[in-house]
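Engineer: Just so you know, the protein sequences line up as chains A and B, in that order. Just so it is clear: in the first sequence, position 194 is 947 by the working numbering, and no numbers are missing. Just so it is clear: in the second sequence, position 37 is 170 by the working numbering, and no numbers are missing.
For lysine-lysine, the following DSS-like pairs were computed, each having C-alpha atoms within a straight-line distance of at most 30 Å:
(1) A:LYS1136 <-> B:LYS142
(2) B:LYS283 <-> A:LYS1116
(3) B:LYS179 <-> A:LYS1284
(4) B:LYS179 <-> A:LYS1242
(5) B:LYS142 <-> B:LYS179
(6) A:LYS1309 <-> B:LYS140
(7) A:LYS1136 <-> B:LYS306
(8) B:LYS241 <-> A:LYS933
(9) B:LYS283 <-> A:LYS1136
(10) A:LYS1136 <-> B:LYS228
(11) A:LYS933 <-> B:LYS336
Stretch-level coverage of chain A by chain B, calculated; a stretch enters the list once three of its residues show a Cβ under 8 Å from a Cβ in chain B:
(12) 929 to 937
(13) 1286 to 1298
Cβ pair distances, simulated, as ranges:
(14) B:SER157 <-> A:GLY1128: 38 to 44 Å
(15) A:ALA1288 <-> B:LYS306: 53 to 59 Å
(16) A:GLY1248 <-> B:ILE285: 55 to 61 Å
Bear in mind the hints are in silico, worked out from the structure with no lab data behind them. Cβ atoms here follow ideal geometry from the backbone N, Cα and C, with glycine treated the same way.
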Amino acid sequence: MILDNKIPAGPLEDKWTNYKAKVPLVSPSNKRNLEVIIIGTGLAGASAAASLAEMGYKVKTFCFQDSPRRAHSIAAQGGINAAKNYQNDGDSTYRLFYDTIKGGDYRAREANVYRLAEVSASIIDQCVAQGVPFAREYGGTLDNRSFGGVQVSRTFYARGQTGQQLLLGAYSALSRQISKGNVQMFNRHEMLDIVKIDGKARGVIVRNLVTGEYQRHFGHAVVLATGGYGNVYYLSTNAMGSNVTASWKAHKKGAMFANPSYTQIHPTCIPVSGEYQSKLTLMSESLRNDGRIWVPLKKGDKRRPIDIPEEERDYYLERRYPAFGNLVPRDVASRAAKERCDAGYGVGSTGLAVFLDFEDSIKRLGKEVVASRYGNLFEMYQKITGEDPYKMPMRIFPAVHYTMGGLWVDYDLMTTVPGLYAIGECNFSDHGANRLGASALMQGLADGYFVLPYTIGKYLSDDIRTPAISTEDEQFEKAEKEAKNRVNKLLNNNGNRSVESFHRELGKVVWDHCGMSRNKNDLEKAIETIKDLKAEFWTNVSVPGEENVINPELAKAGRVADFIELGELMMRDALARDESCGGHFREEHQTDEGEALRDDTNFAFTSAWEFSGEKTPPKLNKETLEFENVQLTQRSYK
Amino acid sequence: MENLNLKLKIWRQSSPNDKGAFVSYDVSGLNTHMSFLEMLDVLNEKLVVTGDDPVAFDHDCREGICGMCSMVINGKPHGPQKGTTTCQLHMRHFKDGDTVTIEPWRAKPFPVLKDLIVDRSSFDRIIQSGGYISVNTGSAPDGNSLPISKEIAEDAFDAAACIGCGACVAACKNASASLFVSAKVSQLSLLPQGQPEREERVKNMVSKMDEEGFGHCTNTGACEAECPKEISLEYIRKLNWEYHRSNIKG
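Start from the sequences and build out the full structure, keeping to the hints where you can.
Structural biologist: So, in structure tokens, the structure goes:
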């Protein structure tokens, strides 16, 4: 299959402007008759639903939680980037574009990233107008801070709860459209399949998680805004319900999956404390503005950190990367922590942790200023660990946080299934092989508020003569039957292992072989291990309870089954990419200093995997990445 | 890390129409680093393996911010720790041999769906009645064109920190949603962007709250005491002021 990324012609900085000027429009009277289905209500889904409804389309929106306000965007802490240059520190659209391309280790598409940088400023305006209480200076203007991988202050924030405030802004815009009857909202509903008619996405099968009822919904177009798949690792900073099911079903219906192995391991999370652990908690990257990361110079030093004198500490990020210091990008910081711990310098009961120390900042700024910047994060740390970070350095370790990979989309954010779009974290488009901090919120809102509402018009303008298709159509019938069969199979399997035990086992395989470092041998073995795990799952999983009541185990079983299949694809992707780039670190490809070594001659492409049936291995398609505006260099933060 | 053994008394109710009852469970081999929900995970995994129906409860982010977890622990919404959601409550606050009672939110506008899960869509409908600023995508002026003093921005933020969990309602003997409504009304009426709809908003949200069956506020302060985000009772005072002001303004 030939991948057409539909990037408009013309100079980089004019592409989006020209696109908007020429994109076909849909008249108001036609919009009323066009129905759009949106799955997921995080930043991308809620902002898209609100915007499309404001424009006059008929929108149906679905989320698995009890309210659209619960989507996991809510947990983002640190901030949102925008090229406003309010700080007069030399920021610009081009610089945000450049930082993002470089931060992504030259594995993202120039045109998409430039557009993202271009619309970033409008996002801030929109959110301020909605009443998002961003941090302000005494003069009343918006405040900024710095994040990893950049040398300007372009991050807007609302204490350590930026995601919450932005999501509640989008949720309020969505609520307004619900009250006007422009959006029909379905809480506690889970998408189980995409319905394709004559090659186009025309609807979905969903299951009501309270009553177990199956429903068929028609849409002229279907938009997935279902977030990332970090929970394939079992332990991650994702919410417990975050899953890959919608994306995976789309993949099986013909949507290609791009760069599945590009995952972000975030350097500053609270370390794992035991087998029972259900999730990991992030400590915002913003902490690296004022916190210093170190380990003892002596191996296995068991003294309390405050008893270790300055000259016996190794501030390894400042030592290795003097230009960026503690603010190197996430992939670099995570690997550096792993390197120290593997070498035996790690701290804490497991030896898998490093210190994040605020002593100097408290001396320099006073406890009050530090508290005003990070108070809620310090409290959260104390609640979880029982230790006071004002007195004792935090212990942190990298954890799975974000997935740069996702459904392949073109410039219009359309997948390889006509009429099926993917926005926000569930697509692959903007972050290359590593995402910069505070760019996820930016991308989710850019896609939902400012990109999709234009690009979807191009498709729908061709569809004004298509009347609503009856959900009695045989394709709806077939998809519903398949979804039901699968649920019945899970419920009547009579195995003797819990869903949770399979998820835990899968997570360990994926973390060990497709985590912070990867190699050919392990990946090849892991593919076989996961195949066996899949077979074992379908013969031995036990799902209790019934179909027609709330049954969280049943919902989880369906999700874990999809994660297992995704896990195998991730291994294949990591194996095929025989180079290191960003978060993808192949041990065979590193510099003498242990930095990721790219191979631009052979791997400057996006991997787009095509589902080829249950018994046949997936097919790898390549989209060549053309760099016309930036020069590819080895990423250096020294 | 210490070992813990607990006796749990958990509310089990198979469906909205079932009468429901407490059922006792012994759980052993817990440790003090676990979160409260991880403790329930241990129980549930045990129940699954023996073919029993696991305890249904709402939860998602497990970081204290999504507002989905919702249980009354030993008579207190979100349990004994001040300013802490259930998911952020850790077992180090319990002692070996303790009996722990776990119930759903109990309030008429939050009907029980199953076990510890309740339906809080009434909160969504309150927000839909006016908890927003009417601004369409693309029509916003530059973010810095409207300076807002740090003090006002911080005050608005304190109100906006509400996670919509409903603990305030569960704590209130009248099942009033005043703290929840006051947080949104205060956030938006403090900010200059919220002025054009200020009067309409408070009227609509208060009347929706009544229509959904929430009770009236009698100033006991139980909501503030149990709020995991420590939203101040001061905002209810502000809600009342905003409400009267809207009547005077007509």
